[in-house]
Amino acid sequence: MDAIKKGDGKVVLTTVSGGKLTASLGMGKVKITDEAGNSAYVTVADLKGTNGIIHVIDGVVLPR
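Under the numbering used here, the first residue of the sequence shown is numbered 1386, with each subsequent residue one higher.
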């Protein structure tokens, strides 16, 4: 959320495979958009896994 606010409402993130995802705010939630324009909203954030943090989304975003 802080990065989105600092980036004038959006931030571009690079995936492990080199793809780009854009995070922004929409409908009071974090919205993730892939390079093809597909988007999903984060429905549950910050679930602790054994090897990282998990965020649940309500759709599918794909690498290019």
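Hints were generated in silico from the structure; no laboratory data involved. Careful, some of the hints might be misleading.
Below are the BS3-like pairs computed for lysine-lysine, each with C-alpha atoms no more than 30 Å apart in a straight line [stated by the list, open to error]:
no. : residue 1 : residue 2
1   : K1390     : K1416
2   : K1390     : K1414
3   : K1391     : K1433
4   : K1395     : K1414
5   : K1405     : K1395
6   : K1416     : K1433
7   : K1416     : K1395
8   : K1405     : K1390
9   : K1414     : K1391
10  : K1391     : K1405
11  : K1416     : K1391
12  : K1405     : K1433
Predicted model only: the values in this text are computed from it and were never measured.
Hint by hint, here is what the structure shows:
1. K1390 <-> K1416: 13 Å, holds
2. K1390 <-> K1414: Status holds; Cα separation ~13 Å.
3. K1391 <-> K1433: 25 Å, holds
4. K1395 <-> K1414: 12 Å, holds
5. K1405 <-> K1395: 13 Å, holds
6. K1416 <-> K1433: Holds, at about 20 Å.
7. K1416 <-> K1395: 9 Å, holds
8. K1405 <-> K1390: 18 Å, holds
9. K1414 <-> K1391: The given pair, whose Cα atoms are some 16 Å apart, holds under the 30 Å limit.
10. K1391 <-> K1405: 18 Å, holds
11. K1416 <-> K1391: Cα-Cα ~16 Å, so holds.
12. K1405 <-> K1433: Cα-Cα ~24 Å, so holds.
Figure legend: structure checked against the earlier numbered hints; every hint is met.
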